[in-house]
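Q: Sequence:
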Amino acid sequence: MSKAISVSNLVKEFSRGHKSPQSLKEYFVKPFSKQEEEMFRAVDDLSFEVERGEFFGIIGRNGSGKSTLMKMLAGILEPTEGEVEINGKIIPFLELGVGFNPDLTARENIYLNGTILGMSRGEIASKFDDILDFAEVRDFVDTQVKNFSSGMYVRLAFAIAIQTEADIYLVDEILSVGDFNFQQKCFALFKELKKKGKTIVFVSHDLGSVREFCDRVMYIKYGKLINIGKTREVVEDYVVNDRKEKRNTNIGGDLSVQLLDLDNKPIESILSDSPIKVRISYKLKPEALGDDLVAGFSIWKDEDLYVFGTNSEIENVKINFKEEGTVDFVIKNYPFLHGHYDFSAAIHNIEGENYVWKEKAAKIAVVRNHVHDGLVNMEIEIPH
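Here my numbering is used: the first residue of the sequence shown is 3, the next is one more, and so on.
Nothing false has been slipped in among the hints.
Straight-line Cα separation of at most 20 Å, SDA-like style, residue types lysine to any residue; simulated pairs:
hint, residue 1, residue 2
1, K226, G65
2, K285, E326
3, K193, E175
4, K148, E138
5, K334, D344
Have a look at the derived ranges for each label pair, beta carbon to beta carbon:
hint, residue 1, residue 2, range
6, G84, E167, 25 to 35 Å
7, D131, K91, 17 to 27 Å
8, E167, E80, 21 to 31 Å
9, D293, I382, 41 to 51 Å
10, E53, E326, 44 to 54 Å
These are calculated hints, taken from the structure and not from any lab test. As the structure is a prediction and not an experimental result, all values here were calculated from the model. Heads up, the beta-carbon is just placed ideally off N, CA and C, and yes, glycines get one too.
Make the full structure from the sequences, and use the hints.
A: What follows is the structure, given as structure tokens:
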């Protein structure tokens with residue numbers, strides 16, 4: 003497999019502005035001398051390669067440099083130092099719809115954006131129906147896009163861009179705007195592109211999608227390479243490190259977790275396959291309230307073994323948060339075998355920035371009621 007992307011010692015610096023005076027002398031001298039700019043590195047000496055035909059994931063917390071890196075791969079930003087070698091035509095799915103004119107209709111913007119992306123008028127006409135159907139906006143083809151929802155806007159922009167022939171596709175978090183069915187349709191398309199030998203570089207906070215689709219993953223933090231390799235190992239490394247950094251955050255309020263049976267009675271132990279209700283009780287500061295809040299929990303075994311996690315966004319449930327309230331998650335059958343399990347919980351915004359995080363907020367013991375070994379119970383049948 004040849005290299006689709008080669009990155010060597012890549013650095014991107016931005017200015018924070020001029021340094022503040024550090025002494026009274028500097029305060030008086032600075033106005034008469036050239037002020038020194040204070041720089042920070044968004045990307046710091048990154049080197050990696052992406053194979054042709056690979057589905058390559060990039061993960062990291064907000065501010066880790068992922069989007070800056072993608073813009074350098076796309077040629078939108080110039081590196082401060084280092085080299086980026088791209089072998090093939092590249093299509094970036096970074097800021098979709100930037101070329102849209104909000105006062106034009108969907109029909110007019112298809113032709114405008116298609117032309118910007120290098121398609122001829124004949125090509126656009128031949129792909130016009132496919133674009134409308136993929137974007138699911140056929141009924142709104144003559145509507146001005148300024149009247150579109152954010153989801154419709156991104157779907158249309160994505161549908162136009164994906165019709166452009168390319169060798170490498172850069173995808174940065176854009177699928178978070180679409181609904182679940184549209185996301186699945188996009189991933190199905192990416193799988194087909196991968197079968198054709200195309201390369202996809204995928205940035206996302208959705209670790210479930212990263213686990214499912216990526217061949218390899220790179221984890222970056224503050225612009226530096228932390229880990230790169232097999233998807234499962236790198237994602238687990240990120241989850242454990244991210245968990246340590248977020249321990250007991252309470253800038254937005256406070257929360258507690260109760261583990262209950264279905265009659266709302268507290269429980270400390272259960273049999274494997276029994277139902278559990280995970281109740282998150284919270285108090286939020288007024289400034290933490292917003293329309294993009296998400297509640298979730300994670301389950302850990304033996305301190306650092308991450309076995310499960312979900313949240314209201316993943317479960318496609320919109321919660322109307324107040325300053326004080328509860329959120330219930332019902333696990334219909336707790337599948338884990340014997341042992342002790344810790345529950346951590348958080349309330350955060352859609353970007354994953356925690357307002358309240360509590361580690362080891364609750365604990366439960368699972369009593370052995372199966373002869374099976376391992377971590378989870380499965381129903382087994384042996385036809386004979």
